[in-house]
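S.K.: Next come the chains, spelled out residue by residue.
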Amino acid sequence: MTTIIEAKHVNLFYGQKQVLFDVTFPFEENAVTALIGPSGCGKSTLLRCMNRMNDLVPNCRVEGELLFKGKSIRNEDPVSLRKQIGMVFQRPNPFPKSIYENIAYGPKVHGIKNKNTLDDIVEECLKKAVLYDEVKDRLHDSALGLSGGQQQRLCIARSLAVNPEVILMDEPCSALDPIATAKIENLIADLKKEYTVLIVTHSMQQAARVSDVTGFLYMGKLIEYGETPQIFSSPQDELTEKYITGRFG
Amino acid sequence: MRGVWFTSALFASLAVIFILGYLLITALPVFFEVGLTGFLFGTDWNPTGTNPSYGIGALIVGTLLVTAGAMLFSVPLGLLSAVFLAYVAPKKLRDAVKPAIELLAGIPSVVYGFFGMLVLCSFLQKVFDVPSGFSWAAASILLGIMALPTIVSISEDALSAVPKDFREASLGLGATRFQTISRVLLPAAASGISAAVVLGMGRALGETMAVMMVAGNSAVIPSPLWDVLSPIRTLTATLGIELAEVSAGSMHYYALFGIAVVLLAITLAVNLASRFVTRRIETGKQLFTLPTLPELPVRIPPRVTEKIAFACIYLGTFAVLAILAVILGNIFINGIPAISWEFLTESPKDLGRAGGIFPAIVGTVELVFGAILIALPIGAGAAVYLHEYAKASHITAGIRTGIDLLSGTPSVVFGVFGFAFFVIFLGWGICLLAGMICLALMILPTIIKTTEEALKSVPDSLREASLGLGATKTQTIFRAVLPAAASGIITGAVLSLGRAAGETAPIMFTAVVFSKRFITPDLFEPVMALPFHLYVLTTSVPNTEPQQYATAVVLICMVAAIYVTAAILRRKFQRNLA
Numbered sequence: 001m002t003t004i005i006e007a008k009h010v011n012l013f014y015g016q017k018q019v020l021f022d023v024t025f026p027f028e029e030n031a032v033t034a035l036i037g038p039s040g041c042g043k044s045t046l047l048r049c050m051n052r053m054n055d056l057v058p059n060c061r062v063e064g065e066l067l068f069k070g071k072s073i074r075n076e077d078p079v080s081l082r083k084q085i086g087m088v089f090q091r092p093n094p095f096p097k098s099i100y101e102n103i104a105y106g107p108k109v110h111g112i113k114n115k116n117t118l119d120d121i122v123e124e125c126l127k128k129a130v131l132y133d134e135v136k137d138r139l140h141d142s143a144l145g146l147s148g149g150q151q152q153r154l155c156i157a158r159s160l161a162v163n164p165e166v167i168l169m170d171e172p173c174s175a176l177d178p179i180a181t182a183k184i185e186n187l188i189a190d191l192k193k194e195y196t197v198l199i200v201t202h203s204m205q206q207a208a209r210v211s212d213v214t215g216f217l218y219m220g221k222l223i224e225y226g227e228t229p230q231i232f233s234s235p236q237d238e239l240t241e242k243y244i245t246g247r248f249g
Numbered sequence: 001m002r003g004v005w006f007t008s009a010l011f012a013s014l015a016v017i018f019i020l021g022y023l024l025i026t027a028l029p030v031f032f033e034v035g036l037t038g039f040l041f042g043t044d045w046n047p048t049g050t051n052p053s054y055g056i057g058a059l060i061v062g063t064l065l066v067t068a069g070a071m072l073f074s075v076p077l078g079l080l081s082a083v084f085l086a087y088v089a090p091k092k093l094r095d096a097v098k099p100a101i102e103l104l105a106g107i108p109s110v111v112y113g114f115f116g117m118l119v120l121c122s123f124l125q126k127v128f129d130v131p132s133g134f135s136w137a138a139a140s141i142l143l144g145i146m147a148l149p150t151i152v153s154i155s156e157d158a159l160s161a162v163p164k165d166f167r168e169a170s171l172g173l174g175a176t177r178f179q180t181i182s183r184v185l186l187p188a189a190a191s192g193i194s195a196a197v198v199l200g201m202g203r204a205l206g207e208t209m210a211v212m213m214v215a216g217n218s219a220v221i222p223s224p225l226w227d228v229l230s231p232i233r234t235l236t237a238t239l240g241i242e243l244a245e246v247s248a249g250s251m252h253y254y255a256l257f258g259i260a261v262v263l264l265a266i267t268l269a270v271n272l273a274s275r276f277v278t279r280r281i282e283t284g285k286q287l288f289t290l291p292t293l294p295e296l297p298v299r300i301p302p303r304v305t306e307k308i309a310f311a312c313i314y315l316g317t318f319a320v321l322a323i324l325a326v327i328l329g330n331i332f333i334n335g336i337p338a339i340s341w342e343f344l345t346e347s348p349k350d351l352g353r354a355g356g357i358f359p360a361i362v363g364t365v366e367l368v369f370g371a372i373l374i375a376l377p378i379g380a381g382a383a384v385y386l387h388e389y390a391k392a393s394h395i396t397a398g399i400r401t402g403i404d405l406l407s408g409t410p411s412v413v414f415g416v417f418g419f420a421f422f423v424i425f426l427g428w429g430i431c432l433l434a435g436m437i438c439l440a441l442m443i444l445p446t447i448i449k450t451t452e453e454a455l456k457s458v459p460d461s462l463r464e465a466s467l468g469l470g471a472t473k474t475q476t477i478f479r480a481v482l483p484a485a486a487s488g489i490i491t492g493a494v495l496s497l498g499r500a501a502g503e504t505a506p507i508m509f510t511a512v513v514f515s516k517r518f519i520t521p522d523l524f525e526p527v528m529a530l531p532f533h534l535y536v537l538t539t540s541v542p543n544t545e546p547q548q549y550a551t552a553v554v555l556i557c558m559v560a561a562i563y564v565t566a567a568i569l570r571r572k573f574q575r576n577l578a
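Protein chains in written order, with my numbering: chain A, 1 to 249; chain B, 1 to 578.
Isolated chain B (complex conformation):
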């Protein structure tokens, strides 16, 4: 039995190595053709011209600029709200606001893209009086909003975990509340906060759908470099836009795989950097000394600083909540009137301008349940091995690194891999099964992590009791440990369902089509899916605004229902333990 657990644990690492290797091998021709330097630093991306060129320098710069902009937008706002929630808000308010902000994380990225196209871009266009709002600024703001919940939620956890003692000690010395926050509490939570920022950054770096819908996608480096209203194109967006139209085996095709490899390398670098930073902070080493601010001629009284700081904290939190309200309000106010019984139960007609979205709902359900059926046994098995059997060794460390890498992989990379391997190499064509496997790979790390948490919460005394009665280790795991951890494992699985339901990038090249007349539950047939339907309607079918809004509402409600189920399960789980 141990072998079975071990194999499932190994699977995650092998999958990473295989994906990486496969992408790398497929990309090799482009490296030979244009050379590594030419590929990375060439600034001319024109793969379809008569004289094609394959330099992705502008795309790399675009990715970095968009991510930097997103961080500039979200880190200050996120930190202010986290401070508000952890130290300023009364407990009741905090308990209401925190889930609301976390809800932002559950909104599928394609819905953000949709909102960005319809509302944000036209807003920017009007405010700055430019020909088009599709720009670096739009992409950065949108990605910033998407990174906010991660940053707020994890920073708040870190701030709340700072011992109350520190706070009392500082206040007891006559420091103001803001001095206490800025000089003691924030530094004490630094490692958690930097983890939050890096996770938020990872989300922004790897995002595909929202970016490609609002960035304008010209492969140029903004000139001047700070021209935030210039259109811009990221690595992920290039994959999203071009992979569907490229002919397999062309140099352009290989170049796209080169892009996927570079994208993976960047996310890997960010992960490594974050580990390094977190470790340095945890061991208490000074990373950098902040430059001492120049002495002001007059000392601003601490009370005044405190007033200003608290005003910022309130404003920041208010801004975050206002953003949430605007997004949800806009979508629901416009979407609900467009929903009808027919819309939910009929097939689309006239390119989605009439009829409904029933096949897309069915397709999404099939995809996510298929994904969970594949990922849950493997993920749970891996977690059992890691928690119940594994001792600290090189193999275990390797497996854990593999899982970390998999969880940091941008979702579009799974799509690219699935397209090349299942659709083309294995000759399955675009089909349900390929989409299920891609989604399963994407949610596998989450399932492993949540299952391991659930196993950790099972007290050792339970294992000892079972072993003490003469049960074998396998019997103990199946009859004592797994049942006790079941609700935790299921909660994790349900959360993954929610994530899979909203994803577009992994399935758009592997499993979905825009229109399908008949619902055939066949693993080797393509399906429709809600996020993809919304994407195509928004970007390619004019005069479908009511249908777009309605689809967005249905998608959000579906994901929200899944999260609410998970929350109920978790609460039940906690009550059972208490």
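This is chain A alone, in the form it adopts within the complex:
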């Protein structure tokens, strides 16, 4: 296994408040890594460091190193970084455009204009996101008419359309019902063949079901990380054990 993203001694501050403490974590290529932990432990914040979405937050300061394929992302242009590291958000956030336009948006902003190429990308991405059969007859209808679960799969398809290497998922199922959640989880399992997936989730069952590696964060510190079966069957740290057995969080 090769490491694609590596966090080295990352400290993060919102103004005076420190949110992440000395986090060091290697993320493996073509695997699903889950970050778990109670609300407010900093797992989403850590995820948003990877594609520099925290740049949008005023007064946010990051110390330490984050390496993407061995290079520090600090010197990377955030725009091209985000092209390589896509993101799926907590709430489905399709643009108020048609299904087609939502997916074509990314390729278009990156300069693809040919209609046939765009058609192909849209179809391919919708198929990868297992949404194509449900929407193929209404590609030009508004994306806002889809159900929540469909919208989230559309958002995944949209992030695939710019051909990223890594997909960050920030609690992608927290706004969805169990059936829609199951569909997304199956999809994640498919995606790891081609992509690296980092998923933040507050559901331990979900982490256990979908991930290969799990990291547990608590109060901004990375308490433990390792192979998912090992974390869930024989955690090394007492805090991890308490959390996964449901005694707090």
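Check the hints yourself; a few may be wrong.
[As the list claims (entries may be wrong)] Distance condition first, Cα-Cα at most 27 Å in a straight line; then the derived DSS-like pairs of lysine-lysine:
(1) A:K17 to B:K164
(2) B:K516 to B:K449
(3) B:K307 to A:K113
(4) B:K91 to A:K108
(5) A:K108 to A:K127
(6) A:K97 to A:K136
(7) A:K97 to A:K71
(8) B:K572 to B:K516
(9) A:K97 to B:K473
(10) B:K92 to B:K126
(11) A:K17 to B:K92
(12) A:K97 to A:K17
(13) A:K113 to A:K183
(14) A:K127 to A:K71
(15) A:K71 to A:K183
(16) B:K473 to A:K108
(17) B:K307 to A:K17
(18) A:K108 to A:K192
(19) A:K115 to A:K97
(20) A:K127 to A:K97
If you're looking for bench data, these hints aren't it; they were derived computationally from the structure. Given the structure is predicted, the values throughout are model-derived calculations rather than measurements.
Fit chain B to the given chain A structure using the hints.
M.R.: Just chain B, lined up with the frame of chain A:
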């Protein structure tokens, strides 16, 4: 009690119908005399010649050209500044700049006209080396500046209301900030932005004072049509200039009412069009497809486009702020030295060349307080009916349409109506009461809207609590709902005061005179008023520049004081709710 509320609600609609009907009936003779086509499309407006002709084609074209020019000037600048405020500026800067731009909206139109005559027109004259700067360009630029605050403020609201999710989604896909703004955020805010543009356009279409002071007012169609330095004349300016001098009952008099009717029809058409557009955008239907730009041989890298776009955004915002600074700076630097205790407390002497403006200050105060005393009970009553009683029905829809129409009516139309009805038909002559009623009609829609907002902010639980204790609906409204909404209602009323204080067109034919020796608080006597005083000094009395500037400063300060009061009240109101 319900009947009382209902009557006040009905009043607004009845007023619109009555005004429209009255204007139409008065205008009828001209339609019979020259025919509708001759009136609308005749291009020769010469009502006082030996062979008078009454074609308003040139005036309609003038109105449309001036408005189009104003939009061409203000929409790009306004959008750039709105984007800057909503997405680029740090929060602190935004919180400082937005009120400053909104302040531009509070400057009375006659002050803009005054600035235009003294500064803008002579600037154009020098820069383009023409005999006179009074022109289409001057009118369009001035109206554009006046429409800016509306466009900036409402577009900014719309842009800020776009969910943050969209922005993150787009940036997360590796789009640049400018791609995100132009491809996602602006389209998502399209309905709010088009509402802003239409409101700005309405302001430009209906404006009288500023236009007639700078447009040169020749009733000609510019030739060639794009000659922006040609003088031009609008419908509103024609009313403003000629109504005071026309003899009642002449064909010229009827023709002016025809103009008022046409003006109303145009504003009505714009309102309807804007509703249609907003609805289409809200239901997500494609209005028009933008033509795809021809492929460039080389793709400009998005980073370069972004740099250029951001440079434009900064420049646009800077231009807007510079305009604000130039206008206020010019007026205050020249005006403050001319203000003295005597100026504020004495009557004018020698046609305003000496003495002060005390009677004008008193007159303005009398006019605006009279207007609010009339409009507040009716407006608040109408709002109570609409919010607390009315169910969706044809009558309610009719009432709301009436209120919308009233709020879209150009202020000069109220003046024209008041002149014909109160001054001449009822035989009151030019008097305080007529001016109060005209101003009251003008601010009525604002009062209804702000009161309704205030009522909406009162939680239903409060009403239920009162009703649950066995109080009647009337008791609930008077003792629970209205007190809770009071500060909101008062804020709205104060804002209307500010607008009324700066208006000239509704009072210039109905209530004011240029000179009045004694202050007599009599409803059936004419008064002096600050905006009119400034207008007459600027246009008709040479060698009064210091007095003009000083009057402008006093007028701006008066209006600003009223707005600051409203802002304080609003803040207090919000704190009470929190």
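S.K.: For every hint, state whether the structure bears it out.
M.R.: Against the structure, the hints:
1. A:K17 to B:K164: holds (23 Å)
2. B:K516 to B:K449: Distance of about 37 Å is beyond 27 Å: violated.
3. B:K307 to A:K113: holds (22 Å)
4. B:K91 to A:K108: violated (31 Å)
5. A:K108 to A:K127: It holds: about 19 Å lies between the C-alpha atoms, which stays within 27 Å.
6. A:K97 to A:K136: holds (16 Å)
7. A:K97 to A:K71: Status violated; Cα separation ~36 Å.
8. B:K572 to B:K516: violated (40 Å)
9. A:K97 to B:K473: violated (46 Å)
10. B:K92 to B:K126: At roughly 39 Å apart (the allowed maximum being 27 Å), B:K126 and B:K92 break the hint.
11. A:K17 to B:K92: At roughly 21 Å apart (the allowed maximum being 27 Å), B:K92 and A:K17 satisfy the hint.
12. A:K97 to A:K17: Violated, at about 38 Å.
13. A:K113 to A:K183: violated (32 Å)
14. A:K127 to A:K71: Violated. A:K127 to A:K71 sits at ~33 Å, over the 27 Å cutoff.
15. A:K71 to A:K183: violated (35 Å)
16. B:K473 to A:K108: violated (59 Å)
17. B:K307 to A:K17: Roughly 34 Å separates the two Cα atoms, so the pair is violated.
18. A:K108 to A:K192: holds (25 Å)
19. A:K115 to A:K97: Within the cut-off at roughly 17 Å; holds.
20. A:K127 to A:K97: Given pair A:K127, A:K97 holds - Cα atoms ~19 Å apart, limit 27 Å.
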